[in-house]
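Undergrad: If you read the protein sequences in the order shown, they are chains A and B.
Residue numbering for the first sequence is 2 to 230, as defined by this note's numbering.
Residue numbering for the second sequence is 20 to 320, as defined by this note's numbering.
It should be emphasised that the hints constitute simulated quantities derived from the structure, not laboratory data.
Predicted model, so just to flag it, every value in this text is computed and none were measured.
Don't take each hint at face value.
To spell it out: a stretch of chain A is covered by chain B in this simulated footprint if at least three of its residues, at any positions, have a beta carbon under 8 Å from a beta carbon of chain B; those stretches are [what the hints assert, rightly or not]: (1) 65-75; (2) 159-167; (3) 206-212.
Restricting the straight-line Cα-Cα distance to at most 30 Å, the calculated cross-link-like pairs of lysine-lysine (DSSO-like) are [said to hold, decoys possible]: (4) 224/B with 213/B; (5) 314/B with 43/B; (6) 56/B with 224/B; (7) 31/B with 213/A; (8) 213/B with 43/B; (9) 224/B with 31/B; (10) 278/B with 202/B; (11) 253/B with 61/B; (12) 314/B with 221/A; (13) 115/A with 314/B; (14) 56/B with 214/B; (15) 197/B with 56/B; (16) 253/B with 156/A; (17) 221/A with 115/A; (18) 156/A with 278/B; (19) 43/B with 224/B; (20) 202/B with 56/B; (21) 43/B with 56/B; (22) 61/B with 197/B; (23) 278/B with 214/B; (24) 314/B with 217/A; (25) 278/B with 121/A; (26) 121/A with 314/B; (27) 156/A with 221/A.
Pairwise CB distance ranges (calculated) [what the hints assert, rightly or not]: (28) 111/A with 263/B: 40 to 48 Å; (29) 78/B with 30/A: 42 to 50 Å; (30) 129/A with 299/B: 41 to 49 Å.
Where is the CB? At the ideal position from N, CA and C, for every residue including glycine.
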Amino acid sequence: MTQHRDGEAHLQVPRYSGSARINHWVVAISFVLLMISGLALFHPSLYWLTGLFGGGPTARWIHPWLGVVLIIGFFGLFFRFFAANLPERTDWVWLARLRHVLAGREEYLPEIGKYNAGQKFVFWAQAILVLVMFVTGIGLWPAGLAYFEQLLGFKATIDQRRLAAVIHAGSAVMTIAIWIIHVYAAIWVRGTISAMTRGTVTGGWAWRHHRKWLRKEIGKEPGGPQPAE
Amino acid sequence: MSQLQPSFGLTKRSATTGALAPAKAETPVAKLIDVSKCIGCKACQVACMEWNDLRQDIEENVGLYDNPHDLSPNTWTLMRFAEWDNPERNQFEWLIRKDGCMHCQDPGCLKACPSPGAIVQYSNGIVDFISANCIGCGYCVKGCPFNIPRISTADNKAYKCTLCSDRVAVGQGPACAKACPTKAITFGTKDEMKKLAAERVVDLKDRGYAQAGLYDPPGVQGTHVMYVLHHIDKPQLYAGLPLNPRISPLVELWKGAGKYAGLALLGLTAAFGVVHHLLAGANRVTEEDEENAEKLRGGGA
Ligand code: HEM
Ligand code: SF4
Ligand code: SF4
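Use the sequences and the hints to build the structure in full.
TA: Set out below in structure tokens:
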């Protein structure tokens, strides 16, 4: 329920429950550790990053296990958020006006629900890439591959394993690029980060960036005004 | 454990971008395996086990002479027995090939390895795995065109034939060459071995093996383990020796252009963020936005 917290001037609108935030941080932390341990092997100039894990062998074995944590965590996020990320007509309008988005001219944009088209892109792209990275990651993982070969009764060919390496590294680059955009957007659009730390955003933030969603949230309150749509 | 032989100069070192200290240039060496002389006694396998102190677990007999079944972290060389009915000569032939690392001049294992100094090539051409630097990722397995490296589940290190670099470093030949009773395995400079091979090829041609030849595949810039084959046109007969081995284009893509494209994309994305923030400034919520939200809610709590 929207409210004024003690000592705060602005209206606070709840955006993420405690469990959604914990789920997000499990994914975020495992992702960052995966990124660091993966990039360490991606290029020799980054190999020093293995030191953060206590050396190359540890970085090597911990990476795929973090991948297992990530895929389980992402599964949770996927089912929590996927309905709000279904595409709708205003997404195309938003995309067509990307110029205004980048310039921060909200007044030229349609009213947005819980997520804008950019956030939806991040959601779907990461969902696909994480799945691809999991499958190809298994292909790259000697112990994990042996386990799944036995379990499922197949034998990966050497060219499949090489292809897994190419696709894994390529998807990793894409997923990290999208992650950079995701993190940057959260920093650029001030007032966003509290959504994932405290679970709330200010009324003004919601009004400015997700007005349709704000109307709906307020409409849920007993006695509050009804949403416009 | 396989260790660096510091007496040799280095020409290649895995995951190393800077220039290497100028290498002491040694004469390239080679091991020549004359398959036409091999009787399949496995003395070389035993010598390898003894010198390198390797013990393979006992396996089940499945009706093949190949024993053990495959290369492993404890089996760095293996006699592979192939049977062939030669239609031209109308005869049955045993094609017995001593499998193991080929010590490629252009080693795919080294190209793929992400750990600095886990794989090196000495200036004499020997490719050595340095266990202390190995992280057990298995990239070398994907890089090798000959299916040679094996990762130990005991210590998570990659293993393969060292060409007895520790023996060569003190002026000895490899243990297998020393043990071979028919001199099917010889060791010396690469030039000497090519000369010896040429003589053997002439002899085999004389004896009716018109397609006899030396296996020193140019796709990997030649190897420091070479075979004399009776049928150089059909290397696959010898338990799947590849006809034209080279580093897989997938590995080249992964380890070549892919790295630069990837780093460039990440750099550009980060740069976009910085530049955008400098140009557009922070996207801040205004007091007006807050007031509008209050109004929408109907005057506040
Ligand atoms: C989802 C499950 C994942 C699994 C099972 C997995 C598994 C693997 C494995 C087994 C390797 C080989 C090296 C090693 O063992 O550490 C690897 C390499 C790598 N991984 Fe992952 N990974 C996953 C997710 C990710 C994610 C999310 C990222 C990026 C944020 C990532 C980035 C990388 C990179 C950059 C490499 C190095 C590729 C190269 O050497 O070119 N991985 N991964
Ligand atoms: S497993 Fe192979 S590729 Fe990986 S570090 Fe060891 S030698 Fe290098
Ligand atoms: S045969 Fe394989 S393991 Fe041996 S040097 Fe060539 S690429 Fe490396």
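Undergrad: Assess, step by step, whether the Cα of residue 61/B is no farther than 30 Å from the Cα of residue 197/B, and give holds or violated.
TA: The hint holds at about 13 Å.
Undergrad: So if I understand the rule, the pair passes when the alpha-carbon distance is 30 Å or less; does residue 31/B with residue 213/A pass?
TA: violated (61 Å)
Undergrad: Taking 8 Å as the Cβ threshold, is the statement that the segment 206-212 of chain A is covered by chain B upheld or broken by the three-residue rule?
TA: It holds: at least three residues are needed, and the segment 206-212 of chain A offers 4 whose Cβ sits within less than 8 Å of chain B.
Undergrad: For the pair supplied as a hint, residue 253/B and residue 156/A, confirm whether the alpha-carbon distance does not exceed 30 Å.
TA: holds (26 Å)
Undergrad: Does residue 43/B pair with residue 224/B here, judged by a C-alpha cut-off of 30 Å?
TA: violated (39 Å)
Undergrad: Sort out whether residue 43/B lies within 30 Å of residue 314/B, counting only the CA atoms.
TA: Given pair residue 314/B, residue 43/B is violated - Cα atoms ~81 Å apart, limit 30 Å.
Undergrad: Given the hinted pair residue 224/B and residue 213/B, is their Cα-Cα distance within 30 Å?
TA: holds (16 Å)
Undergrad: Does the structure keep residue 56/B and residue 224/B at a Cα separation of 30 Å or less?
TA: OK: residue 56/B and residue 224/B at ~14 Å, within 30 Å.
Undergrad: Check whether three or more residues of the segment 65-75 of chain A sit with their beta carbon closer than 8 Å to a beta carbon of chain B.
TA: violated (count 0)
Undergrad: Run the distance test for residue 156/A versus residue 221/A: straight-line Cα separation, threshold 30 Å.
TA: With Cα atoms ~54 Å apart, residue 156/A and residue 221/A exceed 30 Å; violated.
Undergrad: Taken at face value, is the distance from the CA of residue 314/B to the CA of residue 115/A at most 30 Å?
TA: Holds: residue 115/A and residue 314/B sit about 20 Å apart, inside 30 Å.
Undergrad: When you check the alpha-carbon spacing of residue 121/A and residue 314/B, does it fall within 30 Å?
TA: holds (29 Å)
Violated hints for the displayed structure, listed by number in ascending order: 1, 5, 7, 9, 10, 19, 21, 23, 27, 28, 30.
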